[in-house]
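Engineer: Now for the letters of each chain:
There are 2 protein chains.
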Amino acid sequence: MLDAALLGTGGMTPLPTRFLTSLMLRVNGSQLVVDCGEGTQVTMKLLGWGYKNIDVLCFTHFHADHIAGLPGLLHAINTSVRREPLTLVGPPGLKAVAAGLMVIAKELEYEVNIIEIPYRRFGPPESIKLGDHLIGALPLDHRGPCLGYSFEYKRAGLFDVEKARANNVPMAFWSRLQKKGEAIEEMGVVYKPEMVMGPPRRSIKVSYCTDTRPVPNLPEFIKGSDLFVCEGMYGDIEMLPKTASHKHMIFQEAAEIAKEAAVKELWLTHYSPALTQPEQQLPVARGIFPNTVCGRDRMVKVINYED
Amino acid sequence: MLDAALLGTGGMTPLPTRFLTSLMLRVNGSQLVVDCGEGTQVTMKLLGWGYKNIDVLCFTHFHADHIAGLPGLLHAINTSVRREPLTLVGPPGLKAVAAGLMVIAKELEYEVNIIEIPYRRFGPPESIKLGDHLIGALPLDHRGPCLGYSFEYKRAGLFDVEKARANNVPMAFWSRLQKKGEAIEEMGVVYKPEMVMGPPRRSIKVSYCTDTRPVPNLPEFIKGSDLFVCEGMYGDIEMLPKTASHKHMIFQEAAEIAKEAAVKELWLTHYSPALTQPEQQLPVARGIFPNTVCGRDRMVKVINYED
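Quick mapping for you: the protein sequence lines, in order, are chains A and B. Going by the numbering used here, the first residue of the first sequence is number 15, and it counts up by one from there. Going by the numbering used here, the first residue of the second sequence is number 15, and it counts up by one from there.
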């Protein structure tokens, strides 16, 4: 089971009525956050999931509306009495940007590790594993290096008694093979987990894409997502030229990508401050991809594994 | 005339119900801001005085709750289409801290000048003039270099006809001497402005003090203030040992300073997040200095010159 919370839905600047776009995932007691603009620690406080279990902070890029909240959040995590290391993930340059911002967050009582993901425009996705978080990162097309993310949570298959018997696996090893997932050697015979387990079951996948123009390999990258969180700066088609010139997308473009990738649900976010009533623009997007939802601050979705 | 607005009243961390402590002054079309924690640009938006005329940003010190909002505010000022230079003022180290934070505010279309004020614990105040803002800066006693500020707005005397006549100043020079404030030489005789002007009238003075323990020369520094904005982390006397150990003050200490300096009005601010009902602690402070007010976010005071 995974909980997803959209911490904010604004783009460019924080508003009294709208926090900046940020996503929090919570799975197996570990929290992961994507982007952290000015005020993200405050909307987190309103959400109430706490700071202590934030293990990973992913950054799409280094525009202030996506990262200015970093030092404040690091302090909030420190005050929550976290002492375990925290990992920051982002495009090349993250180390320098974090070092700059952390000039006012020097006295943390936990370690901050930084992973820079290679970036090549229109290049292939990269993949890293941090705890239970299998993180995919796809180069996007914005003003400077920017990454889209996917987060996948694998689920092992069911124990298959008949398979275990057919493979002559001694019953004494069944539980170890299933739970530890490691091979066992006994009297010169090697018993592997796959000799007792059915095929892996469907994983949970959440993907996140902002700020960018549509890129060719994005639908493939987000395929199979239970939830696709995607920017929509404006809904009105007349805003497309301006939006595209700033390297952003409109609602319809997000919906086209969701449709092509056949995701389960699309949440629009990263609205322009000028877009005060995003729901008014929703029908056109729903005409393309029916399961489109206008993101709202602290909207939460619980995603269960399929049985 | 001067307008003062307390943008926030929180200490340590921004809350959903309370912005971080910051003060904005507006005088003769120029705005000056003291401190700028995470979210200050948002409470400024709620206040509605705009960003474009912010000429000076003063920083007391470099703890995140006083400066983390700098890059976001610089962007907001840029978006307001300001093109005139902006001056940052603060203790030694400001250049390095600003350079760090501005790693995400590199593309501003105005110049940012930085003035570092010398700091020596318990040392004398320094003074600088920026436009109409006569800024005094007093070393405070916090964890690291920290400055208290005073802001004084001088007012010339009235034109004195009898004095001008007694000094034999030709009537043709009266207006120039009054308005330009510069001496005029004519036929070997020098006419000075003070030959036609009465004594300077009472100025407007606002002072601001956080974060610190009481320092000996603070009452003298703030003397004559129409408004004294001062930290009060807690109101309960039982919190004094903890408050003092963190180099902060409680309500009673602020009131004692206001009383000794005989200021006109004291605004308490920089409350601990644990202090949710500061008004409950007000009576003791008022017992010491009756004109004590519990600061509230976006509380505004208009201060007129006395006639």
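One should not assume that every hint holds.
In this list, chains with the same sequence are indistinguishable; a pair is considered to hold if it fits within one copy or across any two.
[To be verified] List time: in silico DSS-like cross-link candidates among lysine-lysine, alpha-carbon distance up to 27 Å:
(1) Lys109 x Lys237
(2) Lys177 x Lys273
(3) Lys237 x Lys177
(4) Lys66 x Lys256
(5) Lys256 x Lys193
(6) Lys206 x Lys256
(7) Lys278 x Lys120
(8) Lys168 x Lys237
(9) Lys177 x Lys66
Worth flagging that the hints you see were computed from the coordinates, not collected in a lab.
Engineer: Compare the structure with each hint and give your call.
Structural biologist: Now for the hints, and whether the structure bears them out:
In the homo-oligomer, the alpha carbons of Lys109 and Lys237 never lie at most 27 Å apart, since the shortest distance is 31 Å inside one protomer and 47 Å across protomers. Taking CA atoms no more than 27 Å apart as the test, Lys177 paired with Lys273 passes in neither setting, with 39 Å inside one copy and 86 Å between copies. Proximity of Lys237 to Lys177 under the C-alpha cut-off of 27 Å is found in neither arrangement, the shortest distances being 31 Å within a copy and 88 Å between copies. Taking CA atoms no more than 27 Å apart as the test, Lys66 paired with Lys256 passes between copies only; the shortest distance there is 24 Å, against 41 Å inside one copy.
Taking the shortest Cα distances, Lys256 and Lys193 never come within 27 Å of each other, neither inside one copy (54 Å) nor across copies (50 Å). In this assembly of identical chains, Lys206 and Lys256 lie within 27 Å of each other by CA distance neither inside one copy nor across copies; the values are 57 Å within and 60 Å between. Proximity of Lys278 to Lys120 under the C-alpha cut-off of 27 Å is found in neither arrangement, the shortest distances being 42 Å within a copy and 39 Å between copies. For a Cα distance limit of 27 Å, the shortest separation of Lys168 from Lys237 inside one copy, 15 Å, qualifies, whereas the shortest one across copies, 67 Å, does not.
With identical chains, the CA atoms of Lys177 and Lys66 are never at most 27 Å apart, being 42 Å at best within one copy and 73 Å at best between copies.
Hint violations for this structure: numbers 1, 2, 3, 5, 6, 7 and 9, all remaining hints satisfied.
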